[in-house]
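Chemist: Here the protein sequences come in this chain order: Z and U.
Counting in the working numbering, the first sequence runs from 1 upward without gaps.
Counting in the working numbering, the second sequence runs from 1 upward without gaps.
In short, the hints are calculated from the structure, not lab data.
Be a bit skeptical, because a hint or two may be false.
Stretches of chain Z that chain U covers, calculated by requiring three or more beta carbons in the stretch to come under 8 Å of a beta carbon on chain U [what the hints assert, rightly or not]:
1) 28-34
2) 41-50
3) 62-72
4) 121-131
5) 142-152
6) 227-239
Far from chain Z, by Cβ distances over 12 Å, these chain U residues were calculated [claimed, not checked]:
7) D81
8) P82
9) L83
10) M92
11) I164
12) I167
13) N168
14) G171
15) M177
16) H205
17) E209
18) F222
19) P228
20) R257
21) L294
Note that the Cβ used here is the ideal one computed from N, Cα and C, for glycine as well.
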Amino acid sequence: MAQAQNLQTNLLAQQARAIARRRSRIPASAWLQLVLLLLLLLFILTPFYWMVSTSLKEQNDTFAIPPKILFTPTLEHYNFVLFSPSAIVPTGLQNSLIVATFTTLLALLLGTPAAYILARFEFRGKRDLWFWFISNRFISPIVVALPFFLIARDLRMLNTPQALILIYLTFNIPLVVWLCLDQFRAIPRDLDEQAKVDGCNLFQSFWRINLPLAIPGVVVSAILCFIFSWNELLFALILNRSTGQTAPVQAANFMTGFGVKWGEMMATGTLIVLPVVLFAAIVSRHLARGLTMGAIK
Amino acid sequence: MANMAEAVNVEALGAKQRRRFPHINWLALAMIMPSVIALLLIGLYPLLFAVSLSFQRFLLNRPQNNGMFVGFENYAAVLNDPLFWSSLGRTMTMLVIVLIVQIVAGIGIALLIDSSRWRVLNWTVKTALVIPIAMTPAVVGLLGVLIFNRDFGLMNYLLGLVGIEKINWLGDPTMAMVAIIITDIWQWTPFAALIMLSSLAIVPHEMVEAARLDTKSPWMIFRHVKLPYLMPGITAFMIIRTADVLKLFDMPFTLTRGGPGVSTELISLYVQRMGFRIFDMGVASAQAVLLLILCIVLARAYIHFFYRTPEAE
Numbered sequence: 001m002a003q004a005q006n007l008q009t010n011l012l013a014q015q016a017r018a019i020a021r022r023r024s025r026i027p028a029s030a031w032l033q034l035v036l037l038l039l040l041l042l043f044i045l046t047p048f049y050w051m052v053s054t055s056l057k058e059q060n061d062t063f064a065i066p067p068k069i070l071f072t073p074t075l076e077h078y079n080f081v082l083f084s085p086s087a088i089v090p091t092g093l094q095n096s097l098i099v100a101t102f103t104t105l106l107a108l109l110l111g112t113p114a115a116y117i118l119a120r121f122e123f124r125g126k127r128d129l130w131f132w133f134i135s136n137r138f139i140s141p142i143v144v145a146l147p148f149f150l151i152a153r154d155l156r157m158l159n160t161p162q163a164l165i166l167i168y169l170t171f172n173i174p175l176v177v178w179l180c181l182d183q184f185r186a187i188p189r190d191l192d193e194q195a196k197v198d199g200c201n202l203f204q205s206f207w208r209i210n211l212p213l214a215i216p217g218v219v220v221s222a223i224l225c226f227i228f229s230w231n232e233l234l235f236a237l238i239l240n241r242s243t244g245q246t247a248p249v250q251a252a253n254f255m256t257g258f259g260v261k262w263g264e265m266m267a268t269g270t271l272i273v274l275p276v277v278l279f280a281a282i283v284s285r286h287l288a289r290g291l292t293m294g295a296i297k
Numbered sequence: 001m002a003n004m005a006e007a008v009n010v011e012a013l014g015a016k017q018r019r020r021f022p023h024i025n026w027l028a029l030a031m032i033m034p035s036v037i038a039l040l041l042i043g044l045y046p047l048l049f050a051v052s053l054s055f056q057r058f059l060l061n062r063p064q065n066n067g068m069f070v071g072f073e074n075y076a077a078v079l080n081d082p083l084f085w086s087s088l089g090r091t092m093t094m095l096v097i098v099l100i101v102q103i104v105a106g107i108g109i110a111l112l113i114d115s116s117r118w119r120v121l122n123w124t125v126k127t128a129l130v131i132p133i134a135m136t137p138a139v140v141g142l143l144g145v146l147i148f149n150r151d152f153g154l155m156n157y158l159l160g161l162v163g164i165e166k167i168n169w170l171g172d173p174t175m176a177m178v179a180i181i182i183t184d185i186w187q188w189t190p191f192a193a194l195i196m197l198s199s200l201a202i203v204p205h206e207m208v209e210a211a212r213l214d215t216k217s218p219w220m221i222f223r224h225v226k227l228p229y230l231m232p233g234i235t236a237f238m239i240i241r242t243a244d245v246l247k248l249f250d251m252p253f254t255l256t257r258g259g260p261g262v263s264t265e266l267i268s269l270y271v272q273r274m275g276f277r278i279f280d281m282g283v284a285s286a287q288a289v290l291l292l293i294l295c296i297v298l299a300r301a302y303i304h305f306f307y308r309t310p311e312a313e
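If we strip away everything but chain Z, and leave its shape as in the complex, we get (with noise of 0.2 Å):
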């Protein structure tokens, strides 16, 4: 009995000894690296905290110097632009989804079978086809705005969600093809020649065998299209200007006129971002190659 318990408090104590052991080997190096990566956490997350916490407190709080880290939450601000009778908010949220999700569709119904066909054939002048649709990836916006706000503006298709729609494609087709076009690639040919003897035509194996394999890269590009569509500004600035505004226009219209309503408008930013950043978590890995157009793995 007395001997049972001595082992035990020998194994405690060497349990303990191991802890310690452990803890010390912890080098001073890595207490810094703690440190600063903690220090980085602040510096990324400090803003996106500002502009929530903005958003939950009193006009009064807003001002207070030093700021308030500690106060009463309110929600009043999110109930005045959301739900009082002048609220413009929900409206915009409500333009900025239907452009986003209707050109993320167009997007992949005319981007996937494009990448289908990139990966699979040879044919002349597929380098330059590639490249050129690359290339929509570095035209700077403004140079295509001006020429399109004419030609919508002829079609009358200005304050419409169609024109966004049509114009967010000159970003999105790029980055289907080029994200779907690696997913494709990387199915085994094989399945191909399989469903040729089963008598599937070109595109019926694309449709019931290659796309269904290819959902990771389809979803991945879908929510970056997503992303981008419902983050653009300047676009929708010239072509929505009075109707059709989508959330972006809306913020950018918050600095004209008197009295900052800070609280309001930073409900108003956090109801936009909070979609994206969301998004953008899911697919965290895949943002880069999103972003480099692939040349970053």
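Following the hints, position chain U against chain Z.
Modeler: Here is chain U on its own, set in the frame of chain Z:
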């Protein structure tokens, strides 16, 4: 058996013939053409339209003589416009500063995360890095207005803690530009860090171990073992960000609107003002075409570095 062999033979013959006499696969063409046509219509046609506009008189507010061919008059106007050159110069200055800071900081952050043993914290930081990148730039600009506010902004408060007097960030021409640069650095350094992190992931572990036997200096290991693997990422980042800074519109538009005066008017803001505030689409298009040439040069460089063999698998 004989039948099968024949079938294979025919198949092989067909393939050979196809290679020698490429005939058109109509179904494949039908699958690729919609996207090509869409991009021709919405991507290329407006560009050509912009080029033709740049040779015309085209005033939105006085449309009487619109469409008149004016030769290189608009281009002459642009090249003799000091505001054009100053906005371009401002854009380039900003570009150089943000590139240097973001690349150095991005490498630092990537090395830090790569070498740290704090697994959960690493994961948290990596996820947090995504937030600035994804944030709507227009909203980032608005947030900047709040943070750089002279009287109750967070920036001045933090500077006050270390004894620096209140800075009139958005009211002073130089400081407003600094505010834009700081905001850009906050938003896009994480992008550099993400690129560098994925580049570091491909550095062979054995090479680092082998180098450790030769030298104790972490700098030497970084310089001679890791840096070569980072170079493609650095090049990609530089070209992409150059294009993006030339495009930069949303964030400075909501943060400063180019002001005070024109002190923060970057090139995209100026072209937009020329087209939609001064209403001179001809001159604006000439500016845009010059900008386009820069964009094309960048795109060619990017493709040259990264997609030399797009067919290689």
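Chemist: Each hint needs a verdict: does it hold in this structure or not?
Modeler: Verification of the hints:
no. : hint    : verdict
1   : 28-34   : holds (count 3)
2   : 41-50   : holds (count 8)
3   : 62-72   : holds (count 6)
4   : 121-131 : holds (count 9)
5   : 142-152 : holds (count 10)
6   : 227-239 : holds (count 8)
7   : D81     : holds, 16 Å
8   : P82     : holds, 20 Å
9   : L83     : holds, 16 Å
10  : M92     : holds, 14 Å
11  : I164    : holds, 15 Å
12  : I167    : holds, 15 Å
13  : N168    : holds, 16 Å
14  : G171    : holds, 14 Å
15  : M177    : holds, 18 Å
16  : H205    : holds, 18 Å
17  : E209    : holds, 18 Å
18  : F222    : holds, 15 Å
19  : P228    : holds, 15 Å
20  : R257    : violated, 7 Å
21  : L294    : violated, 8 Å
Consistency with the previously given hints fails for numbers 20, 21, ordered from lowest to highest.
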